[in-house]
Amino acid sequence: MSAISREEVSHLAMLARIDLTPDELDRMAGQLGVILDAVATVREVAGDDVPATSHPMPLTNVTRPDEVRPSLTPEQALAGAPEAEQGRFRVPRILEDEA
Amino acid sequence: MSPETTALTRRTAAELAAGLAAGEFSSVEVTTAHLNRIAEVDGDVHAYLHVAGHQALADARAVDAARASGERLAPLAGVPIAVKDVMATRGVPTTCGSAILQGWVPPYDATVVRRIKDARMVVLGKTNMDEFAMGSSTEHSAFGPTRNPWDLTRIPGGSGGGSAAALAAFTAPLATGTDTGGSIRQPAAVTGTVGVKPTYGAVSRYGLVALASSLDQAGPCARTVLDAALLHEVMAGHDPMDSTSLTGSYPDVVAAARRGATGDLDGLTVAVVRELGGEGYQAGVRQRFEEAVELLTQAGATVVEVSCPSFTAALGAYYLILPSEASSNLAKFDAMRYGLRVYPRGVDDPTAEQVMAATREVGFGAEVKRRIILGTYALSSGYYDAYYGSAQKVRTLIQRDFAAAFEQADVLVSPTAPTTAFPLGEKLEDPLAMYLNDVATIPANLAGIPGMSVPSGLAPEDGLPTGLQILAPARSDDRLYLVGAAVEAALTARRGHLLLDEAPPLRAELAAAGLQEVGR
Numbered sequence: 001m002s003a004i005s006r007e008e009v010s011h012l013a014m015l016a017r018i019d020l021t022p023d024e025l026d027r028m029a030g031q032l033g034v035i036l037d038a039v040a041t042v043r044e045v046a047g048d049d050v051p052a053t054s055h056p057m058p059l060t061n062v063t064r065p066d067e068v069r070p071s072l073t074p075e076q077a078l079a080g081a082p083e084a085e086q087g088r089f090r091v092p093r094i095l096e097d098e099a
Numbered sequence: 001m002s003p004e005t006t007a008l009t010r011r012t013a014a015e016l017a018a019g020l021a022a023g024e025f026s027s028v029e030v031t032t033a034h035l036n037r038i039a040e041v042d043g044d045v046h047a048y049l050h051v052a053g054h055q056a057l058a059d060a061r062a063v064d065a066a067r068a069s070g071e072r073l074a075p076l077a078g079v080p081i082a083v084k085d086v087m088a089t090r091g092v093p094t095t096c097g098s099a100i101l102q103g104w105v106p107p108y109d110a111t112v113v114r115r116i117k118d119a120r121m122v123v124l125g126k127t128n129m130d131e132f133a134m135g136s137s138t139e140h141s142a143f144g145p146t147r148n149p150w151d152l153t154r155i156p157g158g159s160g161g162g163s164a165a166a167l168a169a170f171t172a173p174l175a176t177g178t179d180t181g182g183s184i185r186q187p188a189a190v191t192g193t194v195g196v197k198p199t200y201g202a203v204s205r206y207g208l209v210a211l212a213s214s215l216d217q218a219g220p221c222a223r224t225v226l227d228a229a230l231l232h233e234v235m236a237g238h239d240p241m242d243s244t245s246l247t248g249s250y251p252d253v254v255a256a257a258r259r260g261a262t263g264d265l266d267g268l269t270v271a272v273v274r275e276l277g278g279e280g281y282q283a284g285v286r287q288r289f290e291e292a293v294e295l296l297t298q299a300g301a302t303v304v305e306v307s308c309p310s311f312t313a314a315l316g317a318y319y320l321i322l323p324s325e326a327s328s329n330l331a332k333f334d335a336m337r338y339g340l341r342v343y344p345r346g347v348d349d350p351t352a353e354q355v356m357a358a359t360r361e362v363g364f365g366a367e368v369k370r371r372i373i374l375g376t377y378a379l380s381s382g383y384y385d386a387y388y389g390s391a392q393k394v395r396t397l398i399q400r401d402f403a404a405a406f407e408q409a410d411v412l413v414s415p416t417a418p419t420t421a422f423p424l425g426e427k428l429e430d431p432l433a434m435y436l437n438d439v440a441t442i443p444a445n446l447a448g449i450p451g452m453s454v455p456s457g458l459a460p461e462d463g464l465p466t467g468l469q470i471l472a473p474a475r476s477d478d479r480l481y482l483v484g485a486a487v488e489a490a491l492t493a494r495r496g497h498l499l500l501d502e503a504p505p506l507r508a509e510l511a512a513a514g515l516q517e518v519g520r
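Residue numbers (my numbering), protein chains in the order written: chain E, 1 to 99; chain S, 1 to 520.
Just chain S, with the same shape it has in the complex:
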């Protein structure tokens, strides 16, 4: 691993943008450094499903030429980015982690991808994910799991484990995610990175493979709060192609991140949510959370406690609403217009229905089948009112709890995930245990409010990253960045560097230093 590769891949997106603008280095150099690092370490991490090297270098050359000719460029022009494989990318394979879409090459770009390209950012490739974003560990990918760069025997979170691991392995300075119940925030927490689920409707869903349409929201993944804000600004904005896309004014998240970095939270009220902590949360996660709350107090914030009693029913409501919506959304995978087609064995001249059932048997993984069948059950006559109907009422109660809590505080905080990264395979055969990873992140999706995970430290018992979750009222995403940047600044000042700089070296780095791996 050359020193040049390391130097460029360790920089934040904001630093890369500044260096590109000042002519210190070119986008081709930055892109090459990241492609080299992918070649060196991604065999171990498996954050990427597809690397678009030739296209990335062509795009980098084009943006360098545009800059040389004096063209006015967007702030992140020439900065590389990894795109979660849930997003349609024209001419680049898009699988959503599923065998049923293996080899599918979309004829169009998702609006988010279009906006990234319009900003002249360089797409490095597509990142791994749980199949159709169903999971909390990336182990449900049809193409094999992603490994956590902090410990390759552990999960990187999910569903966006690929994006989070790419950031933590320094194989991309920025990445995109989608968060239906925590798929941006939980991977951020367990990899020591930053992830933001914006207000529902802030980022267009056009061109994203839908999981649960009333819960899905795309957002930025980054290594710093400011970097997340810069990408948030690129991704968000009204889109006529998405009928749920927000209209009207939207706060300046970049300004909020810069203001937060000064560390002054005077006049801000922060509420700890009683129901999102305590029993069921790992000791080290709780300890780092309490320390983060103490930092907020030192920064001048007033800290109170609120109770959101309906949150205890959020997980149940979510695992009825999500499968219900997913069972409907995934009906489009019918083996007729795109994707896999499998003919049933031993059937002469099968019907379209038989082909569809045979294709879905082979093309869907166990978790996808489980959730489709659960959703079919919850929506079926005789059970609809008891399950889906009740879950929708719980959703109302959760929204009321949030409304009451935000009467008392500007933001709410909790641990992002109840545990640190667990070993690969540990929860694969126990779906309910896997679902519990999302217990703290789900309420925000049910209410449509924005949430962020920012690193809060390392759990003393296992040395693995923990995350602080910050929640704000709808359309007040700027508050996440204000508070997140203040926490980040305080923790960075205490450590002297970003938490992620403490991640152990990967094998390729050890080899470059002439060292051998000594059990990790």
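The shape of chain E in the complex, shown without the other chains:
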């Protein structure tokens, strides 16, 4: 049984930085419970001897020479920013109030 409580959903939403309305919390707790029940079968399929696969194809690390190459101009990079100032992204304050 994979029931997930409203409080758990609220905590996960905080971790994911998504505000949810009380209605959304109620609806999502129910839906996530149904989905988790359906996907929980994966836990019974593979034994300990089965290695995990994170990627479909064999991966090798790819590097390139550490050289300057063409990139976006500062104006292009800032063109889609909600706010910009003096060639930089302008963001809301990043620190909590001092207690």
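In case anyone wonders, no lab produced these hints; they're calculated from the structure. A portion of the hints provided could be inaccurate.
SDA-like cross-link-like pairs, simulated, lysine to any residue; straight-line CA separation at most 20 Å [as the list claims (entries may be wrong)]:
1. 369(S) to 23(E)
2. 427(S) to 6(E)
3. 369(S) to 91(E)
4. 427(S) to 78(E)
5. 369(S) to 354(S)
6. 332(S) to 31(E)
7. 117(S) to 102(S)
8. 369(S) to 65(E)
9. 332(S) to 379(S)
10. 369(S) to 11(E)
11. 117(S) to 90(S)
12. 332(S) to 58(E)
13. 427(S) to 37(E)
14. 332(S) to 78(E)
15. 117(S) to 213(S)
16. 369(S) to 107(S)
17. 369(S) to 52(E)
18. 332(S) to 90(E)
19. 332(S) to 38(E)
20. 369(S) to 15(E)
21. 332(S) to 23(E)
22. 117(S) to 40(S)
23. 369(S) to 88(E)
24. 117(S) to 28(S)
25. 332(S) to 88(E)
26. 427(S) to 31(E)
27. 332(S) to 507(S)
28. 369(S) to 38(E)
29. 369(S) to 33(E)
Small disclaimer: the values here were computed from a predicted structure and weren't measured.
Given chain E, put chain S in place with the hints provided.
Structure of chain S alone, referenced to chain E:
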């Protein structure tokens, strides 16, 4: 609707390319015909989120001038194409179907888009999709659903419903797609068109808004197998900007499509996957699938059955791996560098975190929130091993099942989707029912192998298109085209025309013929 518009928009991309090369018509004429048709029918279909008419005509004029001056041009030069809105297009809005990216104009082109432009193809506009490619019906688009041209009350599949509907409505001869769990193949199946998910890494992911990076793969959408091959050749190729981009040799898919069209599959072994059919599949879907398998036998192929027992756990593994990767990929939508920014109500001097949470509340739709939170859960400490870890092990088992199956057969086949197009709204409030649409397409993404959907007929019970899925080993995409073209040739010979030619007329066509719509 003028006869000229109809004549040019009904042609395949291969026919348009030949006509352009022979000087029968110009790219401006072809592009104008498609823009006119979009203006006439897209109000009903809503395949497009943005139409780039002025730029398209400018590009068409330029390619006509280049041809007139004797420049050597790529095979598809001057042929129009619609681009899925998941792909960054310089100077043209790119939203990925999300309100959080509404109005975003990328300062660069995705590599796929760059390759399309280098081939001198004409980009008509951007096609509708489920938000961030999460969905199987295009109903999760923040900008309203796309409607299936076969029946405007039904879904066109998803996430690439816009691209598939543009093809089926004859508002583009070619389109691009991305397939993370079936988003190219399932829309192709329910609209009577052709869609291909290439081998993972065959097409660059640079400039595509990432959903699940280990599953995402871009590919061609078309009305015929040959057209898909021609576009596949343009899109695929190594890209230093994508570290997972394949290197080394890659098969000639256009030659395979031409060979397949001769209808000779002698010496080929085809396996039916036992787990991808039967219970849960609509009767008419099963019937058309069995007939398609019979056609393969008549073409000389040997048909066997294989069992892939782990496939029954594929859906569960996918809906843990995908949300996990998506929850990480979508963290970039933080309201700081691009896209929407919303300040929380009633909070003086909010922090960046509070602004991010308020923005994502407003900017993301219900399905995106659901999957991000599901992924956050699956990755959180205490649950990681049980959910994400187990899902990765299932992924290993699925790859082993495929490896064993391809020991016995050159290609595998199944129905593409378990049902035909369902009514809009039917599964919107039942996420699990929506997820089941991808049950047959998901295993290929988990294993990185290529897959195609090609039309297999119309289900007798509802008269709607069904699709045959063909799967091949990694880097053997040419086999999809060989088999797909043979099926297409056999079905076309039987009907006397392409399946899509049986789609009912749209309202604008009825009006042009002086007729009124009589309930559909």
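**Study point:** Violated constraints from the hint list, given by number and in increasing order
**Key:** 2, 3, 4, 6, 7, 8, 12, 15, 16, 17, 19, 21, 22, 23 and 27
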